[in-house]
Amino acid sequence: MSEAFAIETHDLTKRYDGTTVVDHLNLHIRENEVFGLLGPNGAGKTTTILMLLGLTEPASGTARVFGFDPVREPLQVKKLVGYLPEKVGFYENLTARENLMFITDLNGMSYKEGRLRANEVLEMVGLKDRADMTVNKFSRGMKQRLGIADVLVKKPKLVFLDEPTSGLDPEGINRLLDLIAKLPKMGTTVVLSSHQLYQVQRVCDSVGILSKGKMVIQGSIQELGRKALAGGRYVIEVQTENPTAQLVDVIRGIKGVSSVEIQDNNLLITTEADLRAEISKAIVQNNFMLIQMKIQEFSLDDIYMKYFKEN
Amino acid sequence: MAAILRKELADYFTSIRFIIFFALTFLAAAAGLLAASQRIRSFNIPEGFVFLGLYTTPGTVLPSLATLLTFLIPLIGIALGFDAINSERTGGTLSRILSQPIFRDSVINGKFLAGVVTMTVMIGTTLGLVAGYGLAMIGVPPKPEEIIRLFIFLVLAIAYGAFWLGLAMLFSIVLKRVASSLLISLGVWLFFSIFISLVAPAIANAISPISPGGQEAEAIRNYEIQQMVLRFSPNTLFQEATNALLLPMIVGSLGAVSSAQASFMIANPLSFTQSLVLVWPHLTTLISLSVICFAISYVMFMRQEIRAT
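Protein chains in written order, with my numbering: chain A, 870 to 1180; chain B, 168 to 476.
Be careful, since some hints might not be right.
Said to hold, decoys possible - Calculated lysine-lysine pairs in the DSBU-like style (CA-CA distance at most 35 angstroms, straight line):
#  : chain 1 : residue 1 : chain 2 : residue 2
1  : A       : Lys1024   : A       : Lys1006
2  : A       : Lys1012   : B       : Lys343
3  : A       : Lys948    : A       : Lys1051
4  : A       : Lys1024   : B       : Lys343
5  : A       : Lys1026   : A       : Lys1081
6  : B       : Lys343    : A       : Lys1083
7  : A       : Lys1081   : A       : Lys1012
8  : A       : Lys1026   : B       : Lys343
9  : A       : Lys1124   : A       : Lys1081
10 : A       : Lys1054   : A       : Lys948
11 : A       : Lys1054   : A       : Lys1124
12 : B       : Lys343    : A       : Lys1081
13 : A       : Lys1051   : A       : Lys1124
14 : A       : Lys956    : B       : Lys343
15 : B       : Lys310    : A       : Lys1006
16 : A       : Lys981    : A       : Lys948
17 : A       : Lys948    : B       : Lys310
18 : A       : Lys1054   : A       : Lys956
19 : A       : Lys1054   : A       : Lys1006
Everything labelled a hint here was simulated from the structure, so no lab data went into it.
Work out the full structure, taking the sequences as your base and the hints as a guide.
Shown next, in the form of structure tokens:
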């Protein structure tokens, strides 16, 4: 992850027939991270992506993709950005490789270069042995994988993936998520739009939740979870042999601990910061047996549900 | 744009649709050639321009090649253009192409150009084949003037086809469904090739009825109004221009000639430059019609919203 921004928007707004679909959106996505764009249907995710690609003009506000304005310099943006639409389509009468080589041709690669690159990405998505099969014989999942290959074939610096895992079997999903997680290391920033919260949580460094065209919340999942569910605090769960009032007092005495609760053999400690080291030291020094200790993780499901219950 | 042109041409030349229409054009050429050979051999040798007679002489049953082309070229144009954009939209490939670093207009330019090139190949080879076989059959070589006339005819035929291609592409942009753009294109074709010849006399009679006594001036005026209505149809324009170009012996003017006048006409072929003067408005109208169709398509396509779903 670097500090430079791949995407910056300022008050980006889009209206269709009087209804505001995207409403003064301020979005910042860092280079070389996997960003999850979440939100219910109709929240404006696809419209935002189309505006960032320069396929749709915003009503007001500005956007910058690697410093380029999608409205005024769409070709510069499209050179760097790949887009996998939710409903991806291919020329059914052409083979997988021909479909990809049409894209490399459109991107100004030579025949030889394009063929090489097409073979490379087909191998990445596991379609190498199907390269010369026409697409009309492809299954839904194979088409989806070809879609990923299609996005990567132009060596993009940023890719937008709209529901990339739909139609894939569990194994295919795993392979795809692994591939997505690898992309930032190869210099590609990923914006993933999905409803599969578990999958988003697995690969995304940070997420943004859109609702009715507005960004409700944005940040890393752990950060969001603490903010949303624990009031910004950490919850540390400690299992000891026999928790006593004495131990509770000891832990309460550590600086930064705000409360301690006993649940069976477990202590639930709420703290202002990650105090695992201090707590374990205190337990051991006071001759208690520490069996295990873990910091509570927040699931994206909980965060998502909490935000949509509130709205 | 070169990439799109390449792909579209490859698509056209390998599609079943193209092969069928190519076969149909060859069939028409064969039929026209057969028809011409019957008549040219038996009695009615058009004097002066024997070679052009290959293209224009109808047989006893079969129509001439020029007549067949009047029907066939619009169908080829429609077949090449009716699903140009909306099939890409429904197939989900349009948003994929438009997210590549190309100008949006190169999509439509490339498609239109590929269609025109395909039609040029089709019509050009047909005319060439007829010329070759015809030469072997009748043994009369073409005069230089005949070659020039045929070349102008080729340009005319391409302009005529380009109009129908442009119209079909326009419908494929405006209408979301492939079936509706095909039906409406065919409807327009049917109107201009058949119905307008039924409507034209009715309009002429309404504007300038011929009184029972029947003065000649009234009849001429009625006929001229009919012609004017008919000339709204690109098919009529093509037919008239074809006659003027390829039948210089018979066509002295495109206006009304009474049978009394005709009997005094001397069999004197129109010179090439005079024929050209005669068809110039037709040719320019056909070209501008295709340009207008294309321009409207262009503007509509540039303004259309591209939603992924």
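Hint by hint, here is what the structure shows:
1. A/Lys1024 x A/Lys1006: The given pair, whose Cα atoms are some 27 angstroms apart, holds under the 35 angstroms limit.
2. A/Lys1012 x B/Lys343: holds, 24 angstroms
3. A/Lys948 x A/Lys1051: holds, 21 angstroms
4. A/Lys1024 x B/Lys343: OK: A/Lys1024 and B/Lys343 at ~33 angstroms, within 35 angstroms.
5. A/Lys1026 x A/Lys1081: holds, 29 angstroms
6. B/Lys343 x A/Lys1083: holds, 31 angstroms
7. A/Lys1081 x A/Lys1012: holds, 31 angstroms
8. A/Lys1026 x B/Lys343: Holds - the C-alpha atoms of B/Lys343 and A/Lys1026 are around 34 angstroms apart, at most 35 angstroms.
9. A/Lys1124 x A/Lys1081: Violated, at about 42 angstroms.
10. A/Lys1054 x A/Lys948: holds, 20 angstroms
11. A/Lys1054 x A/Lys1124: Measuring from Cα to Cα gives roughly 39 angstroms; hence the hint is violated.
12. B/Lys343 x A/Lys1081: Holds, at about 28 angstroms.
13. A/Lys1051 x A/Lys1124: violated, 40 angstroms
14. A/Lys956 x B/Lys343: holds, 16 angstroms
15. B/Lys310 x A/Lys1006: violated, 55 angstroms
16. A/Lys981 x A/Lys948: holds, 19 angstroms
17. A/Lys948 x B/Lys310: Not satisfied, since the Cα-Cα distance of roughly 55 angstroms exceeds 35 angstroms.
18. A/Lys1054 x A/Lys956: Answer holds: A/Lys1054 to A/Lys956 is near 27 angstroms, not above 35 angstroms.
19. A/Lys1054 x A/Lys1006: holds, 34 angstroms
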